[in-house]
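A.B. asks: All chains should be built: construct the whole structure from the sequences, respecting the hints.
If you read the sequences in order, they're chains R and H.
Under the working numbering, the first sequence is numbered contiguously, ending at residue 578.
Under the working numbering, the second sequence is numbered contiguously, ending at residue 1181.
By construction, these hints were calculated from the structure, which means they are not laboratory data.
If a hint is listed, it holds; no wrong ones were tucked in.
Now the in silico label distances, taken between C-beta atoms and shown as ranges:
1) R:LYS335 / H:ALA1175: 32 to 38 Å
2) R:LYS359 / H:THR1096: 53 to 59 Å
3) H:VAL1054 / R:ASN384: 57 to 63 Å
4) H:THR1096 / R:ALA302: 29 to 35 Å
5) H:THR1169 / R:PRO187: 26 to 32 Å
6) R:LEU180 / H:THR1096: 44 to 50 Å
7) R:ASN384 / H:GLY1057: 57 to 63 Å
8) R:ARG238 / H:ARG1045: 38 to 44 Å
9) H:ASP1084 / R:ASP181: 26 to 32 Å
10) H:ASP1162 / R:ALA572: 56 to 62 Å
11) R:LYS299 / H:ALA1043: 28 to 34 Å
12) H:ALA1043 / R:LYS335: 36 to 42 Å
13) H:VAL1053 / R:ASP181: 34 to 40 Å
14) H:ASP1059 / R:GLU21: 30 to 36 Å
Which stretches of chain R does chain H cover? Using the computed rule of at least three CB atoms under 8 Å from a CB of chain H, they are:
15) 128-137
16) 181-189
17) 313-323
Backbone N, C-alpha and C fix where the C-beta goes; we use that ideal spot for every residue, glycine too.
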Amino acid sequence: MAIAKQEEMDGAQALIKTLNELGVEYIFGYSGGAALPMFDALETVESNIKFVLTRHEQGATHMADGYARATGKPGVVLVTSGPGAGNTITGIMTAQMDSVPMIILSGQQVTWMLGKDAFQEADIFGITIPVVKHNFLVRETNELPKVAREAFHIATTGRPGPVLIDVPKNVSQSPFTGDLDAQIDLPGYNPEKAMDIDSSSLEEAARLINLAKKPVILAGHGAMIAGAEAELMELANRTESPVTSTLLGKGVFPESHPLSVGMLGMHGTAYANKAICECDLLINVGSRFDDRIIGQADKFCAQAKIIHIEIDSAEVGKMIVPDVAVVGDAKVALKQLLPMIEQADHADWLEHINGYKKKYPLGYKKQGGLRMQQVLDEIHELTNGEAIITTDVGQHQMWAAQFYLNEASFKWISSGGAGTMGFGFPAAIGAQFACPDETVIAVAGDGGFQMTLCEIATAVIHKLPIKILVLNNHYLGMVRQWQELFFDNRESGVDLEGNPDFVKLAEAYGCKGINIKRPADVKKKLQEALDYNDGPVLINAECVKTDNVFPMIPAGAALEDMLIEPPKHKMAKPVGST
Amino acid sequence: MSRTITTSDKKPAPRPDIIGGHTLSMYVNNKPGVLMRICQIFARRAYNIDSLVVSQGRDPRFSRLTLGISGDPAGLPQIILQCDKLIDVIHCFEHTPDNSVVRELALVKVSVEGGEKRTEVLQIVEHFGGKTVDLSEASMIIRVEGASDKVDAAIRLLNNYDIIETVRTGKVVMARGEQST
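C.D. replies: Given below as structure tokens:
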């Protein structure tokens, strides 16, 4: 039998060919010595892959993350060895904490130098084990296509996560003589089990749901990843349940829907937290019961039955022991559950919750300077809640979560589990590459923005029409808020004096800059920014310096101890969580 | 004899802490790095690995691990799930004494300088079904094997003599009956 003669190529070329076949559109990264063969292959292999040169490897990982969260497809990163790979750690951890599919290709020293402290050698395989879903150190050139396929399979199936592939330089530049179509071989990984759900758990869940008088649905990121929006809506309508979502679940159930009570947890709405405290059944669809939403675990929903629909069995019972655990994909689970659910009439319960909505609405003061809440409220109105919002971490993030109501999945991109400052702006770049026709708004504080602002260059080069909204209070506001409430207002390490003039800084990069100083100017200036689409625009909003986010549940406290407004008495230091 | 061996084994430990601990078995990919992934899970949650035996499986693509673990029993089921979740772990089970067979082997070097204690030591060895695997004028090496508590008992009795050092393999486990290990 004649075998078609395979064209000569090296390992790096075989790898890039495979990535192209796997549908990779963009690679975000930064070059360097150990990655030279892979960078060269980007030039020599015919492919649809576009390479985006960032200004820092951390930025590359957050861009890949933003791309992944906006599309559901894995984001791909390419960096060199040693410091290049080391700079990706925060971004990898961020993706792991929030179940984001990502592939990180790192160059590495040649195999015979490993373990000898060679130039730019770091044991990135060992370093990243705790922050990846899986990783590989490839020692055989012919393994590269197979490993790439395995990495994509692992990253995108089951509970998604980041996968790192460490590629020594001699492995990538040696001749490839293997099979480009080699099949994956992962005997210890069976994500298809998530589609096969124990029917007795579903029957028990249905029984509890049909008995409930005051049910609440908690929608998490898992429901979004599974694509369970329609099933969730059907469940909410049929059970007449208020629906709350986690920070990462924002948008999986439309937040303007009458049944929505918005986000729950530490800075969630009062009515969401009240609903949790008073319900008799909590139906958790795809959330891992993060400590930011449960507060004091033994008091969380103590009065209620709990159903936990969860794809990752290691999450069941980790924080909260449910009455019924349904282990599997959220969409499949809800599809099989719905036929067993009777149409409920919970008018009294919904009326009761609506009372809370009227009694404790989210609001802000309109006088005494410009408030971040106003800027977010107005940009929500100007974009009809349809923009893709990325955020950093801190006060601006919580206010954005409260005031930018999301109507659809994949439009709210925020670092939840890891709480990574510097995430929002590069994530917006990735999201804008993924969705060129959508309005992408990076909401950042003045602290986090300065951690990755070098990526303005990346946005300018590619003329990405991102709206960079810097909510500037010249403080690390959330930390200052904690110091005010729990540390007798002793400020320590929170004053960002020496902030640059952000508009001038933007202009130095060739980026348009707009200042907002007065509440009356907000609408006009935001509209000006939204109308500018020739490249990125930075809006620097000079906000009130010492505002605080409420409602607030002190870390580790019970949901019923929520502070709806600033406390009148001195608060004890939180001890239950950080 | 001029040679002196300084070893902490000379002082008897209270009771080896693998007793009363938990026994886990894992079937894993036979690749570099797998053990690191597993050990990190235990270390992060403050579990101590008291004993660890790794060997190639009958199918050389896989390895068998037996771990003796001590730590908070309440967290153990979740730790097992976290281990099971590792891509390189095919399965992870906990075994209890009534559904499994646990064995280990110990080598004990005892000083018999002068020779007067030698007969007594050999009687203990015989009682536990052990063997003398090395014998010199000044010392002997004894091999004892069996369930961990039997090995403990033998060492406890030998503590009455001058033990120079002990080495234990750590326990290996196999599930009884049709269940897999």
